[in-house]
Amino acid sequence: MNLPHISVFYFGAISLVLIGLYAILVKKNILKMLIGLSIMETGVNLLLVSIGYIYGRSAPILSEGIGPNQAVDPIPQALVLTAIVIGVATTAMALSAVIVLYRHYGTLNIEEIRRLRG
Amino acid sequence: MVSILKRGLAIITILIIGYWLAQALAGIPFGQDKMLVGQYYLDHVKQQTGAINAVTAVVVNYRGFDTLGEVTVLFIASTGVGALLWERKKRRTAKTEGSIVLTTGTRLLVPFVILFGAYIFIHGHLTPGGGFPGGATIATAFLLLYMAFTMYEIPHKAFEKTEGLVGMGYVIVGLIGLAIGGYFLFDWIWQTWGWGHENIGRLFSGGFIPIIYIIIGLKVGTELSGIIDNMLKEGVSE
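Protein sequences, first through last, are from chains A and B.
Per the numbering used here, residue 4 is the first one in the first sequence, and the count goes up by one each step.
Per the numbering used here, residue -7 is the first one in the second sequence, and the count goes up by one each step.
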């Protein structure tokens, strides 16, 4: 088995995704699972931004001294801007669902919440 | 025993997925120029939109319809939080005031935090930032107020009206573009009126990008403050 050669930024992004996935698979507290989901989201955002990076170029703000050929790809950054906002919205939604669950069952442990056993 | 088995299974699954992801990403070179559409945007962003921040131009001008959808998603999430946490009568139930450091600091900082948020979204076409981070910063100011004072509540009526009006404003800006230029969210200030062509890189440029970002900033700020308000209040029985 030969390990693939990847950049350290890709490695970091994949690690974040996997750490989040581990939390989702193993943890029993719903809040911890949501934290794992957020970590996964951060990993995906880091991956998108690092794919858009180009060696030796600066941020895509074309002020003085920065021409169109000295800036990195703006599209992944625009996508990540969208993804962060949607992430905040979904996290807020999920947290209020957790609040309702806690009021109903009095616990955050998924094994004690009926019909959610996994 | 079961827990160890479950953990082992999870680690094996994660290693397999990680190897697969790394294998896929090994084919994408890091740091090389892979731009196709991006280069077009960078080459034409100053002439076509008047903004020097290419990310903002992509978000608001080239993909403005997408951003309208994004604002809608945020609105739906805010409505969903309100619906999930609905109670007949809600009230702040925090028992203790914040410490003296928190209350004094909040009194001092809130105007400046709001000012900074406004700065971020007004200068969205020139500097990093824009409506979404600016709105989030403004919501932070209200979160500070909620944490410091037990009796504080946002002015609900004013916030709801602002939220509705700016949401309508976005669509109206788009519809004016439809009437003038022939498609929804056409940049009428920049392309038809030609305002600000001589001062690219200064505040009064960028066509309708500052207007839309002010709208987005107000909307995000009021909506996130509403979410905070919904989460921090609890229902009380009569």
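It is possible that some hints are incorrect.
In silico EDC-like pairs for lysine to aspartate or glutamate, Cα to Cα no more than 16 Å straight-line [as the list claims (entries may be wrong)]: (1) B/Lys(-2) <-> A/Glu114; (2) B/Lys82 <-> B/Glu145; (3) B/Lys38 <-> A/Glu67; (4) A/Lys30 <-> A/Glu114; (5) B/Lys38 <-> B/Glu190; (6) B/Lys81 <-> B/Glu145.
The hints are simulated quantities; they were obtained by calculation from the structure and are not laboratory data.
Note that the structure is a prediction, hence the values are computed from the model and not measured.
(message) Could you work out which of the previously given hints the structure breaks and list their numbers from low to high?
(response) As far as the earlier hints go, not one is violated by this structure.
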